[in-house]
Amino acid sequence: MSISVQHEDFDLSTEVAALRAGQPGVGAVVAFVGLVRDMNEGSGVSEMALEHYPGMTEKALAAIVHEARQRWDILGSRIIHRVGALQPCDQIVLVAVSSAHRGEAFAACEFIMDYLKTRAPFWKREVTPDGARWVDARETDDSAAARWARPES
Amino acid sequence: MSISVQHEDFDLSTEVAALRAGQPGVGAVVAFVGLVRDMNEGSGVSEMALEHYPGMTEKALAAIVHEARQRWDILGSRIIHRVGALQPCDQIVLVAVSSAHRGEAFAACEFIMDYLKTRAPFWKREVTPDGARWVDARETDDSAAARWARPES
Amino acid sequence: MIKVLYFAGLREALGTAAEELALPPGVADVGGLRAHLAGRGGDWEKLATTKNLRFAVNQDMARADTPVTEGDEVAFFPPVTGG
Amino acid sequence: MIKVLYFAGLREALGTAAEELALPPGVADVGGLRAHLAGRGGDWEKLATTKNLRFAVNQDMARADTPVTEGDEVAFFPPVTGG
Chain A
1 MSISVQHEDF
11 DLSTEVAALR
21 AGQPGVGAVV
31 AFVGLVRDMN
41 EGSGVSEMAL
51 EHYPGMTEKA
61 LAAIVHEARQ
71 RWDILGSRII
81 HRVGALQPCD
91 QIVLVAVSSA
101 HRGEAFAACE
111 FIMDYLKTRA
121 PFWKREVTPD
131 GARWVDARET
141 DDSAAARWAR
151 PES
Chain B
1001 MSISVQHEDF
1011 DLSTEVAALR
1021 AGQPGVGAVV
1031 AFVGLVRDMN
1041 EGSGVSEMAL
1051 EHYPGMTEKA
1061 LAAIVHEARQ
1071 RWDILGSRII
1081 HRVGALQPCD
1091 QIVLVAVSSA
1101 HRGEAFAACE
1111 FIMDYLKTRA
1121 PFWKREVTPD
1131 GARWVDARET
1141 DDSAAARWAR
1151 PES
Chain C
2001 MIKVLYFAGL
2011 REALGTAAEE
2021 LALPPGVADV
2031 GGLRAHLAGR
2041 GGDWEKLATT
2051 KNLRFAVNQD
2061 MARADTPVTE
2071 GDEVAFFPPV
2081 TGG
Chain D
3001 MIKVLYFAGL
3011 REALGTAAEE
3021 LALPPGVADV
3031 GGLRAHLAGR
3041 GGDWEKLATT
3051 KNLRFAVNQD
3061 MARADTPVTE
3071 GDEVAFFPPV
3081 TGG
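Chains as they are written, first to last, in the working numbering: chain A, 1 to 153; chain B, 1001 to 1153; chain C, 2001 to 2083; chain D, 3001 to 3083.
Possibly wrong hints are sitting among the right ones.
Quick list of in silico lysine-lysine cross-link-like pairs, BS3-like style, CA-CA up to 27 angstroms [as the list claims (entries may be wrong)]:
#1 C/K2003 - B/K1059
#2 D/K3003 - A/K59
#3 A/K59 - D/K3051
If the Cβ cut is set under 10 angstroms, some of the chain B residues that face chain A in the computed set are [claimed, not checked]:
#4 I1003
#5 S1004
#6 H1007
#7 A1018
#8 R1020
#9 V1026
#10 W1072
#11 V1083
#12 A1085
#13 R1102
#14 E1110
#15 D1114
#16 W1148
In case anyone wonders, no lab produced these hints; they're calculated from the structure. Heads up, the beta-carbon is just placed ideally off N, CA and C, and yes, glycines get one too.
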């Protein structure tokens, strides 16, 4: 259940291998990688900067993983979220989940991403031909997270 | 929309990099990796062999990808399914999907896996302390695929 | 002539992976072919008794009422278990 | 004393990332603190007028009625956009 907030890039194969290491009961790994696109809301993006709230970021991500573990029978998870300056095509985030069967890994990975998008304190600022701007939150992110709401929570 | 049925292993990072190459509009990649577990149905598994129906396999996978493209706005996909002799912890299958936003990539990747599990002609044979046995199809695979059924299809 | 293929546990049970045969008189669909082959008796009766047997015609998933005509490739196999 | 943090566009608009201040008399929750800070006038009014402002108390997501007490760390920020 490892979580990193870092400037450095990451290697998908290396991270998934570490997630599986010593766990021959893992039958499924689902990995999500988020990337900087060269276009957003109709404008070209030449650069991106990711700000975060140190301390709260790690706490929020740990809480999300904790909730995922309570909901699904998963064997492991790995989250890496980069901060600082990024370029188009750069990797921003990795969420990888391992489980015995695929259904749990798919659900938990998407759940973690949907909650991360609405609950983890990261903010994107992008540079476009019209200047720099803070990225607006997407309403679809709220509705994606709301899908997972439970009556008791 | 590349599909391979092969004996050789694959590298996740290499495949995802190729899937994204030259597509700076990709904001999300979801990758599923299926693995040989050392236990199945309560018995230790020391070895596995994957049989397939050459020709139909590729055709069935292409049809599944075609349907995924019609349902979701995805930018690319990569399927690798291994055949032949495999050991516990070996990679069996990769399904990776790229898209602008994560919702499409998650849905299309899980759809392809659920259909692959019920429509692509592969059969697993595993060696256990009680001898070799053909793996039984799981009912949960049928119900997973049925979730995607559409009234018109 | 038609080509008939058998896979996985069914292939092992029949001791046959593939055969070519003249389209038997009166056989017009997969169900008819299945009954004809099972009529050989012995191990071939497994074609009739196997639960959840699956079929393909010309490498597309098929049903018992899928037509079979001269030149077709017909396959019989257990439910798939890849992935 | 309490610690107050501002992030992203709000930090830029206020020209302030963090400050420490004595818990103002009468302020018992996040909403009260927000009104108090907005009462400074000028750019600080943005704290009142910003739509969808989000809050955290001691690094947990909070609501306007979440209590604020001596020693707390309170943060104000726009909706998050990571991932």
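Now for the hints, and whether the structure bears them out:
1. Restraint check for C/K2003 and B/K1059: satisfied, since their Cα atoms lie roughly 18 angstroms apart, inside the 27 angstroms limit.
2. The straight-line distance between the Cα atoms of D/K3003 and A/K59 is roughly 18 angstroms, inside the 27 angstroms bound, and the hint therefore holds.
3. The suggested pairing of A/K59 with D/K3051 holds, with an alpha-carbon distance near 25 angstroms, which does not exceed 27 angstroms.
4. Contact between B/I1003 and chain A, as hinted, is not supported at the beta carbon level, the nearest pair being about 19 angstroms apart and thus beyond 10 angstroms.
5. Interface restraint check for B/S1004: the shortest CB-CB distance to chain A comes to about 17 angstroms, outside 10 angstroms, so the restraint is violated.
6. For B/H1007, the shortest C-beta to C-beta distance to chain A is roughly 20 angstroms, which exceeds 10 angstroms, and the interface hint is violated.
7. Residue-level restraint check for B/A1018 is violated (minimum Cβ-Cβ distance to chain A is 12 angstroms; threshold 10 angstroms).
8. Nearest Cβ of chain A to the Cβ of B/R1020: about 7 angstroms, under the 10 angstroms cut. The hint holds.
9. Annotation: B/V1026 was flagged as interfacial toward chain A, and the flag holds, the nearest CB pair being 6 angstroms apart, inside 10 angstroms.
10. The restraint placing B/W1072 at the interface with chain A is violated, with a minimum CB-CB distance near 14 angstroms, outside the 10 angstroms limit.
11. For B/V1083, the suggested interface contact is broken, since its CB lies about 18 angstroms from the closest CB of chain A, more than 10 angstroms.
12. With 10 angstroms as the threshold, the beta carbon of B/A1085 stays out of range of chain A, its nearest partner Cβ sitting at about 17 angstroms, so the hint is violated.
13. About 6 angstroms separates the beta-carbon of B/R1102 from the nearest beta-carbon of chain A, less than 10 angstroms, and the hint is met.
14. A cut of 10 angstroms between beta carbons decides the hint on B/E1110: the least distance to chain A is about 5 angstroms, and the hint holds.
15. With its C-beta approaching chain A no nearer than about 8 angstroms, B/D1114 sits inside the 10 angstroms limit, and its interface hint holds.
16. Interface restraint check for B/W1148: the shortest CB-CB distance to chain A comes to about 13 angstroms, outside 10 angstroms, so the restraint is violated.
Checked against the numbered hints given earlier, this structure breaks hints 4, 5, 6, 7, 10, 11, 12, 16; the rest are met.
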